[in-house]
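Trainee: Listed below, chain by chain, are the residues.
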Amino acid sequence: MRHTLALARLLTLTATACCSVGGFSQTPAPPTSAPTSSPTLAAVKARGVLNCGVIGSSANFSLPDSQGVMRGIDADSCRAVAAAIFGDATKVKYVSLAPAQRLVAVQSGEVDVAYANITWTMTRETKSGVQFANVNFYDAWGFLVPKASGVSATNKLNGASVCMLAGPGESNAAEYFGKIKVRYKAVPFSEGEQMRKAFLAKRCDVMFHDVAAIASFKATLGAQAGDYVLLTETYGREPLAGAVRKGDERWFDIVRYTYNAMVAAEELGITSKNIKTFASSADPVVKRVLGIDGDLGPSMGLDKEWAANVVTQVGNYGEMWERAFSASGMPRGPNQLAAQGGLHYAFPMQ
Amino acid sequence: MRLLSRWAGALRQGLAFAVLGGLVFAMFHVTSANLQSRGIHSGFAFLWEPSRTPVADAPIVVEAGVDSYAKAFAAGALNSLKLTAAAIVAATLIGLVIGLGRLSGNALARALCAGYVEVMRNVPVLLHVFLWYGVILGLPAAAQASSWGDLVVASNRGLYLAWPGVDASGSWSLIRPVVDGFEVKGGVYMAPEFFALFVGISLYTAAFIAEIVRAAVGSLPRGQWEATAALGLPRATALRRVVLPQALRVALPPLTSEYLGIFKNSTLAVAVGYQDFMAISTTMLTDTGQAVEVMAIVMAFYAAVSLLVSAAMHVVEHRNMRWGLR
Chain A
2 MRHTLALARL LTLTATACCS VGGFSQTPAP PTSAPTSSPT LAAVKARGVL
52 NCGVIGSSAN FSLPDSQGVM RGIDADSCRA VAAAIFGDAT KVKYVSLAPA
102 QRLVAVQSGE VDVAYANITW TMTRETKSGV QFANVNFYDA WGFLVPKASG
152 VSATNKLNGA SVCMLAGPGE SNAAEYFGKI KVRYKAVPFS EGEQMRKAFL
202 AKRCDVMFHD VAAIASFKAT LGAQAGDYVL LTETYGREPL AGAVRKGDER
252 WFDIVRYTYN AMVAAEELGI TSKNIKTFAS SADPVVKRVL GIDGDLGPSM
302 GLDKEWAANV VTQVGNYGEM WERAFSASGM PRGPNQLAAQ GGLHYAFPMQ
Chain B
-8 MRLLSRWAGA LRQGLAFAVL GGLVFAMFHV TSANLQSRGI HSGFAFLWEP
42 SRTPVADAPI VVEAGVDSYA KAFAAGALNS LKLTAAAIVA ATLIGLVIGL
92 GRLSGNALAR ALCAGYVEVM RNVPVLLHVF LWYGVILGLP AAAQASSWGD
142 LVVASNRGLY LAWPGVDASG SWSLIRPVVD GFEVKGGVYM APEFFALFVG
192 ISLYTAAFIA EIVRAAVGSL PRGQWEATAA LGLPRATALR RVVLPQALRV
242 ALPPLTSEYL GIFKNSTLAV AVGYQDFMAI STTMLTDTGQ AVEVMAIVMA
292 FYAAVSLLVS AAMHVVEHRN MRWGLR
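One line per chain: the protein sequences are A and B, in this order.
Each position in the first sequence, counted from 1, maps to that position plus 1 in the numbering used here.
No gaps in the numbering here: position 166 of the second sequence is 157 in the numbering used here, and each next residue is one more.
Do not rely on the hints blindly, as some may be mistaken.
Only pairs whose alpha carbons sit at most 30 angstroms apart, straight line, appear in this in silico DSSO-like list of lysine-lysine [stated by the list, open to error]:
id	chain 1	residue 1	chain 2	residue 2
1	A	K128	A	K247
2	A	K148	B	K255
3	B	K176	A	K180
4	A	K198	B	K176
5	B	K73	B	K62
The set of hints was computed from the structure by calculation and includes no laboratory data.
Just so we're clear, the structure is a prediction, and the values are computed from it rather than from any experiment.
Build out the structure end to end from the sequences listed, making use of the hints.
Mentor: Written out as structure tokens, the structure reads:
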């Protein structure tokens, strides 16, 4: 089913690519210096809703709750962009994307922005027509084993079958096990749900997956969670990033600085609860971020209160992280602010 | 006059071809120009770059960073063809037995075979695959695997069968599968994913082939049977030498459709994680982001193999026809 959907999407891409903008014109428009308007922003405003690509089945990132509301750090990252544009975080239409469709959906304009567990890599930017605006979550690869197997380190896994996702899972497993010279049998799946089922059915001895995804998987197991152990070793870097289409710099700015404002708010101690108390702040940085002074919002074609709306309705970065991950018991690790030894760092808002 | 009209016909056809070709060319040109303007690299040059993703469980192993994307596609193609060939053989044999069973003089055999056809063909093929995948995952893990007389080891890691080969001492012998830690060593191996697809697709398609066999045999005049009986031929000989050869002519065209169906159903591999052509192509698409090119390759592969199967069946059909008429 997902498959036919992916195919249909690809065909739409082909169709749009061959018949859309420019028609038969062969030469792309010459690059204009510093565009002041964004075609994507204009389209989003006209539509009245932001089309945001998410995985839609990834706990803690994007998964509908019992009321059908999309929850998780990716879902909230979408909400933040909507809040910055419309002053209303609910104006988001979530588009669920399978891994193979994610970049295509951004390239073809089917979604305006995608927060879909996409790892920021160089060739994805240089070859695929997408651009990464920000990293909303720093992840790494981890190893989950059944406690009963008694395995305590990856070098004890000789001959083991390893469940993983096709693509990046396969290449990272090959690199890691090649490095530590351990033979393994790859069991690749095209979708996370199939992989988790097969792992629980003991099709494999190990699940090789994102640490955050493993933590949320364990959280869904309830009483059985204690039967599985996450090995202390991790591998690689997986900066999960928000992607936009190349060629609309102004839109790129909006997505990038929405995230930047959330990190800045956390650094300044502004939360969704206490933001009202900052209205009378004398701190020039706070005043600029909240739009009391300066023209940060208008410089991107947004309202003055864009960042204030984001913090009021979605919260700062830390609040967003807590909402998504605190229940899973995972430490914040690299996703702390730089001041606390993490990797999140706001560029000056001036 | 006649010559003139023939020329006019050729001209019309030539024009039609030129217009069609021009359209295809224009579409290609505009697509690549638009892709370029969006900063998307297009073209098939990526096929010769080393693949970032390894391919394990395939007749040719693709090593990440060493072997090209082209080789990864080839590995996927071989996996698809392997599954299709195995399922075609199994489905044909089972279908033949069930189809003949429905024509048997024994009422019990007739009822059983009719029951098989109705149950199998009325359940979607994807459910067949999931059922068999569930069955094999229900087997014990390798460490506690059951083995029968050292010849077969059945575990949720797959089926292992003793097979003749060259052993450690360099002489030919029957290599028996042995459980060793996480894995089973020795013998031939069938992965759970392959098993589920092979059994599921074969049993499902066999029901349709059984009906084709029944219809084909039933289409023969009653006189053929009566003539063999009058000659005193045993029923088996009559079936083999008189009835089946004639029935084959009727059965071949619908059989071709079933074989093509098996080939296309092999793409259900993604549902259980078997690395067929479709699954590997999807991975390579994620890897390279070359969506248009990868989809073009996928469409070309499935179209080419389907046309080849049709052509091969057509040749068989044609031969049979001549032989039948002689």
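Trainee: Hint by hint, say whether it matches the structure.
Mentor: Outcome of the hint check:
A distance of roughly 11 angstroms separates the Cα atoms of K128(A) and K247(A); the hinted pair therefore holds under the 30 angstroms criterion. This hinted pair does not check out: K148(A) and K255(B) have alpha carbons roughly 41 angstroms apart, beyond 30 angstroms. Between K176(B) and K180(A), the direct Cα distance comes to roughly 24 angstroms. Compliance with the 30 angstroms bound is thereby established for this hinted pair. Under the criterion of a C-alpha separation no larger than 30 angstroms, the hint pairing K198(A) with K176(B) is consistent with the structure, at around 26 angstroms.
Proposed proximity of K73(B) and K62(B) is supported: the alpha carbons are some 16 angstroms apart, at most 30 angstroms.
The structure fails hint 2 only (numbered hints given earlier).
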